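Chemist: Residues per chain are reported as follows:
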Amino acid sequence: MKERVKILDHIIEAEQAKVYHAWTDLKAFRQWFCPIGFSIAKAEMDLRPGGFFSIHMKSPEGEIYPTRGEYISLESPTRIVYKDSWDDDRADNEPILTEVVLSAVGKHTRISLYSTFNSEEQKEKSLTSGVVAGWKMFFENLNNISK
Amino acid sequence: MPLPSLIADHIKQVYVGGNWTAVNLRDTLEGVGWEMATKKVASFHSIAELVYHMNYFVTVVLKVLYDEPLKGDDAVSFDCPPINSQTDWKALQKRVFEEVEEFAVLVAALPEEQLWELIGDSKYGTYYRNLHGIIEHCHYHLGQIVLIKNYFLQDR
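Residue numbers (the numbering used here), protein chains in the order written: chain A, 4 to 150; chain B, 2 to 157.
These aren't lab readings, by the way, just hints derived from the structure by calculation.
Hints are not guaranteed to be accurate.
Rough simulated footprint, nothing fancy, chain A against chain B, three-plus residues with beta-carbon under 8 angstroms [as the list claims (entries may be wrong)]:
| hint | region |
| --- | --- |
| 1 | 2-14 |
| 2 | 79-85 |
| 3 | 124-135 |
List of simulated lysine-lysine pairs, DSSO-like, C-alpha gap at most 27 angstroms [to be verified]:
| hint | chain 1 | residue 1 | chain 2 | residue 2 |
| --- | --- | --- | --- | --- |
| 4 | A | Lys21 | A | Lys5 |
| 5 | B | Lys95 | A | Lys110 |
| 6 | A | Lys126 | B | Lys64 |
| 7 | A | Lys126 | B | Lys72 |
| 8 | A | Lys9 | B | Lys64 |
| 9 | A | Lys5 | B | Lys150 |
| 10 | A | Lys128 | B | Lys124 |
Fair warning: this is a prediction, and the values are worked out from it, not measured in the lab.
Cβ atoms here follow ideal geometry from the backbone N, Cα and C, with glycine treated the same way.
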């Protein structure tokens, strides 16, 4: 059974429009959307509902972590919804629906991140794989480029 | 734009605006306090009952989008919880608007081919029919809410 789970809330020290831009502008996006120490080897975005994106994160050791997804909804500057999964042949790789909700908090922005899992197994696997810690690293990068 | 995204937009628009009629639930409920929302005109349903009823079917289909069975009952679809204060009334509205946001996200994420599948028993028809049914239903009852509100405002 599907389940929508709030993954985390995180405050970014930048205004909402700037944070939305960082998610949707390819040049800005490449600067932060990866764990600390990683880089983006490749990123493509077709920014429209139904449009696809592809991201290759590169570890310090040179290993590539490819993901691929589809934009579901883009509502500037408040909401981005997409489905994504690993772009390789691993097993149990069903796409996860992710909602990114951006709320203005004074001159800062709260990012609320929700995932809708397709099964209890997928939820357990995702939540025990360090997904929250991973997102926190992404957002630390985002905070650094947004200030 | 994919069809599920278009349908999701239509659902959101009747609640928060951007639709062709330029009448939406959020703007219509502006200035409607809990006393007006619960007051009856003749034998009509109150505004609060209509808001609850509009959203009842969103709640039913939302559960289906989370893979639960389709379970709805017209007989209880007007059974709005008691509203005895502005806090109660605001809480109902908050739940309704949050739920429709969640609903629209899941509708937009549906694979297009699923729109043509049956949503449950064949008598209910396809996802497409039910999602459009919800939009039609919301516009129908929104019109009633507008009329009841105007009646109270003229009565002042």
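Chemist: Hint by hint, say whether it matches the structure.
Modeler: Here's how the hints hold up against the structure:
1. 2-14: The restraint on the region 2-14 of chain B holds, since 4 of its residues have a Cβ under 8 angstroms from chain A and three suffice.
2. 79-85: violated (count 0)
3. 124-135: violated (count 0)
4. Lys21/A with Lys5/A: Violated - the C-alpha atoms of Lys5/A and Lys21/A are around 32 angstroms apart, more than 27 angstroms.
5. Lys95/B with Lys110/A: Cα-Cα ~25 angstroms, so holds.
6. Lys126/A with Lys64/B: Roughly 18 angstroms between the alpha carbons, so the hint for Lys126/A and Lys64/B holds.
7. Lys126/A with Lys72/B: Within the cut-off at roughly 25 angstroms; holds.
8. Lys9/A with Lys64/B: Answer holds: Lys9/A to Lys64/B is near 18 angstroms, not above 27 angstroms.
9. Lys5/A with Lys150/B: Distance of about 39 angstroms is beyond 27 angstroms: violated.
10. Lys128/A with Lys124/B: violated (38 angstroms)
When the structure is compared with the earlier hints, violations turn up for hints 2, 3, 4, 9, 10 and for no others.
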